[in-house]
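Visitor: Here is how the chains run, residue by residue.
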Amino acid sequence: MSTVITEPLLHHDLRGIRRSRLKSSIFRPASMSFSRQFRCHGRIFYSFKPPRKPFIVRASSFGSAAIVETFDFTDVFFRETFPLRWTETVEGRIFVRLDKEKNDQNWQLTVGCGLPGKWILHWGVSYIDDVGSEWDQPPADMRPPGSVPIKDYAIETPLEKAPCTTEGDGLYEVKISVKPDSTIAAINFVLKDEETGAWYQHKGRDFKVALVDRPHDDNNIIGGQKGFGIWPGALGQLSNILLKGEASHSKEEGTDGASSNKKQEDSCLGGFYEELPLVKQIPVHNSVCVSVRKCPTTAKNILYLETDLPGDVIVHWGVCRDDAKNWEIPVAPHPPGTTIFKRKALRTLLKQKEGAKGCSGLFTLDKDILGFLFVLRIKENTWLNSMGNDFFVPLSNSSNLVQSIKDQSETTHISEKTDGENEEVSDSVYTDGIINEIRNLVSDISSEKNRNTKTKEAQESILQEIEKLAAEAYSIFRSSMQTFLEEAVSESKAVDSPSKVSSGTGSGYEILCQGFNWESNKSGRWYKELKEKAEEVSSLGFSIIWLPPPTESVSPEGYMPKDLYNLNSRYGTIEELKDLVKKFHEVNVKVLGDVVLNHRCAQYKNQNGVWNIFGGRLNWDDRAIVADDPHFQGRGNKSSGDNFHAAPNIDHSQDFVRKDLKEWLCWLRKEIGYDGWRLDFVRGFWGGYVKDYLEASEPYFAVGEFWDSLSYSYSVMDHNQDAHRQRIIDWINATNGTAGAFDVTTKGILHSAIERCEYWRLSDEKGKPPGVVGWWPSRAVTFIENHDTGSTQGHWRFPGGKEMQGYAYILTHPGTPAVFYDHVFSHYQSEIASLISLRNRNKIHCRSTVKITKAEKDVYAAIMDDKVAMKIGPGYYEPQSGSQRWSLALEGSNYKVWEAT
Amino acid sequence: MEVSVIGSSQVKAVRTDFAYRVLGFCSSRRNDVSFSRKSRIGIDRNIIRLRRSATGFTLKAVLSEQDRATPPAPALSRSHPKNGVSLYVGLPLDAVSEASTINHAKAISAGLKALKLLGVEGVELPVWWGVAEKEANGSYNFSGYLDLVKMVKKAGLKLHISLCFHASKQPKISLPEWVTQIGENDPNLYFRDRSGLLYKDCLSLAVDELPVLGGKTPMAVYKDFCENFKSSFSEFISSTITGISISLGPNGELRYPFDQGRSRKSKLPGVGEFQCYDKNMLGLLKLHAEASGNPLWGLGGPHDAPRYDQMPDSNSFFKDHGGSWETPYGDFFLKWYSQELVSHGSRLLSLASSVFGDTGVSIFGKVPLVHSWYKSRAHPSELTAGFYNTVNRDGYDSIAEVFAKNSCKVILPGMDLLDDDFPNITLSSPQSLLSQVRAACSKHGVDVSGQNSSAAVFPEGGFEQMKKNLSGPDGCCSGMLIYERMGAYFFSPEHFPSFTAFMRSISQPETDMDDLPQEQEVGANEPFLPTVSESGAHLQAA
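Chains as they are written, first to last, in UniProt numbering: chain A, 1 to 901; chain B, 1 to 542.
Next up, chain A with everything else stripped away, as it sits in the complex (with noise of 0.2 Å):
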């Protein structure tokens, strides 16, 4: 019979945040596991607590209203009022019921919480003839009003407050009918807190209600076994909610009134009835005043604290005579009712204030008194204290010595444990010995005690230093190393402007791979399925790899991105998204993440019942929408480019909104391990904000989406496609070039010479290359394919069994060519491959030179670098020997490549 405390992935352990960051990194571990012993183990104490509280004394002479008046505010010279932070505890329960309906032969499931909050049934079904446990949405009928479908597998539901309620004011429900004659084999669920973002699980995994019998070893199957376990929202909300598992309180209802295990076996549903308790966390704000004033009369300091604290508050006081705070005892009295701990601090009971919410108490102290220490304690082990420091409250005359720890002041709720009930702790011999260590050890200590805490702050001064140096010297030494590589591309060669890495190109080098097609979420596990193509990604010469977005989203393609701190996605979880890019940095492959930052989907409705509020950590409301789509009547300024009126467009436009952006960036650099990006539809906002997105997460590499709008017509098109690539130049202007966008101009062209054989199509007007790769190279990702223009959806497929021309002329052409992952793998591999590593071994890159040697009806012919010649179309050509001799490296359907020799 346990104590499960959730501990989501934000450890809020506040004494090591507390530290400054090098220290914190190094020490939180241990401390986090101090507190997790601690608390794992906190019913140890209780089984050795005293039956008394000798500390706690009421004080009934003490601190009388009488005396408060007395207090004479004028001669304060010191007074002060901490904010209190910390988290009250509320107990309540979670049921689930499974019966049936009164009259009627369906069944009913019935998901209730005793806790006031915003609880929602986050649930999908599963069918009979269903094999693994995907989840499915579950049929219309089934739907409780004011359900909302989660993408194309779940349905969030709220708990209503249930209308006729045992349960006091605090009863929230949801009932969910099941016919007796539907396919479906079990409901799954779990419950989210909407307030604090927290996720409800069973043992882990989804809560499951089967209905109908069947073999299953799923040890989360509910009914008749106990125990829930909880499952803190993905991103580790900082909630903190306990869970008394395991002490569940299992009635049995419905027809047969057998446990379910044998209902199971007796191949027939019954109901069951499962109750479980469990215990919240809310933050609470409270103050703590104190203030000082001389007595006139006796040359003592009067020292007056008071508090809104709810209930029994203890303060642990001491005093200190010197600048090291250490604590003393005064010298008696004391006030009435306090007791000494352990010779080393006093503790004090406040007194409650009559007709009002709070305590105060009064403490008379010496005037060599230099300073009052105390914590206070709420609560049985509830202990508030100042941002990790004991409150100090100087108490020196001179006022130019009155200083305040106002500034660190911020208070913090140390820790709390909770009841629990006894567990069998194997007692070892060997733990014996090490409790014995210790005590001598302590002992041993606290003589160096004194010298110890006059060298702490010194000690903790000079950490602070260190870690400021060996960040100063990281910086510099990262950013030298990026010089670095900067004098490696500029040795080879500068064309028509300094190389130089910078996202908008990174090396100059690049070879990018698209890692996904429409289709790669399908599995759930594309994650897994790529991994195993890395090395192979990684040796046909991609440096790097375009992976899928990964966010949650209400497509299963991603693109419709919800909360985009869960990288729970169809293509599988954030640990495995991990694992992939770890491994693409062990094949040397970079990689992209792919981020939705023109619109993002709401998770709730606003007064009107328009989907504009966001949800999860960045839980935006309409004013970060923009307001010129009245789909969402989003309250921020008009959008800076094209709406995609599918969903809110973000309105970039707004501090808050960038800020977001600018850290989510930076967390997935971090946390994934992203190199860069591919951002989606930037059509939809300025250039300018991307350009502030990418330098505050500094990527290696970043390409956009400036796609236009199929202006694009399918008959004659002009020669002349400047206005187009135009606006994609306008775009990356507009970024100040720190991202390239897909030279989507290229590909149009591409289309129509090959497919009309137009190739002159493919020199413009000066004799250059018609699309953006023409005119500004190093910033022109090249393509002939994607997920949207080809794979299964085929909105702008490129002319079928032709793809080879298309790849021979990018791959080795200038700009970073971006090849699509259904090509890569398909018997396209090996000539793909080829040009690859052409390019690779003639070290074309981005800038490289072209010179077009015929561009006819039925042939294209170019020079790149002096070093690369290559021809596509059925009509003849081959390059002049001039200065240097070609030796015909590749032949392909229509397409040749020679390399000087």
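Any given hint could turn out to be false.
Listed below are the simulated DMTMM-like cross-link pairs for lysine to aspartate or glutamate, each with C-alpha atoms no more than 20 Å apart in a straight line [said to hold, decoys possible]:
| hint | chain 1 | residue 1 | chain 2 | residue 2 |
| --- | --- | --- | --- | --- |
| 1 | A | K582 | B | E326 |
| 2 | B | K335 | B | E290 |
| 3 | B | K154 | A | E465 |
| 4 | B | K106 | A | E472 |
| 5 | B | K116 | A | E472 |
| 6 | A | K582 | B | E290 |
| 7 | B | K154 | A | E472 |
| 8 | B | K106 | A | E465 |
Honestly, the hints are just simulated from the structure, not real lab data.
Using the hints, position chain B against chain A.
Guide: For chain B alone, coordinates are given in the frame of chain A:
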């Protein structure tokens, strides 16, 4: 460290079990894998603290209050390991650029301060032949190094100098231009493998005493370099500069470039290849064969050795049973091949000690830890690297003897390596090899200093292993450890905190004090960790 802190091995057992128990506890509470991993790390730290400082106990006491009635166990000794180990951190390889300026001086200056504050003893500075004698033979330019040495001195740190007669690939630091120009015309300056591949990052040991460098022998050139260094740095030698190591071959190590042709992509390290195919090596081999009465053995290296990336049994030379290495021919060849290396080492070490012997600095040479295939009978990689160390023969004895003869100390890289870091299939055993080399050295009274393996990313558990190696029963005698190497990764948030922790855990007790979590100081007075004090109170009351 553990051993020196804990009085008896009995207590050590106690500790281990205790840790195990705690771990078990935590993981039984939770299913979350990442959690368990974290807590394990945390516990490790706890234990370190438990040993070393006042910290952990109160908390530990909490853990097990119920056992307080049990009889006392032996008390932990408060003694610390003998003042720890002096740690030297390597400066960036390219700290001084080819133009003799200090690269990222600001970062180095900040880094030096941070290291000093951390209690690091000193830094290691590679002095490159290709930088200091770049232009022409005899034209030395130590100005960049002098500036750097002054910086180090100003920072109050000691300095270990590595004289590098080799080149570096990453960052690119070549041999002196005038040397490579000679090499263009005379490829026999370099080591060459069976298929003709040249190793151009150091000179072949066969030319040591041939007048190939414009009429001078490389030994003479090395000696001039050392003497010039000595006079240029005389004011620092034996004050700031406490140690000098001399480059003995590829990467400064005493070995052949047996792995020069290994493909980087290959996951398993192959056996490597013999590097005895340059004209001069072949000449030496021929002479040796004729002298031993088997002139036919002198025509080339073993014909049946595998290629770089191949496994030992892919050809007959290294086969565990019945391999050519165990034949008289094999013995003949391997003896010669390894003896050439030993002689080369001897030449350079005696050169160094003749130049620096009177200055009071310690002189070092680096012996590599060629640990792949150590657990096979033939030790193929050690053989191709030049160490005739097999199941039948101790190849390190003669090495240690040479160091002893020249009063030099050994630097052993790979202090951080664990057998478990390597796949079983490579039959690697860095730990066994380390102790073999150590045993050989201690037999000859040669001091051994440690170095990490300078992997790109420090292996997990590497710090623990280094600590063990430094202070175990056969720990480093001379108590120096060179840690490579300062740079972006070194100061990165992924690495620097664990280095700090490592540093503090091996250094003097004064530093330890601040290992105490801050709350501990107040802990006795006020319940920062309330439960601790609480139970303490109950304990007293009971």
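Visitor: It remains to establish, for every hint, whether it holds in the given structure.
Guide: To see whether the hints hold, each was checked on the structure:
1. A:K582 - B:E326: Roughly 44 Å between the alpha carbons, so the hint for K582 of chain A and E326 of chain B is violated.
2. B:K335 - B:E290: holds, 15 Å
3. B:K154 - A:E465: holds, 18 Å
4. B:K106 - A:E472: holds, 9 Å
5. B:K116 - A:E472: holds, 15 Å
6. A:K582 - B:E290: violated, 56 Å
7. B:K154 - A:E472: holds, 19 Å
8. B:K106 - A:E465: holds, 16 Å
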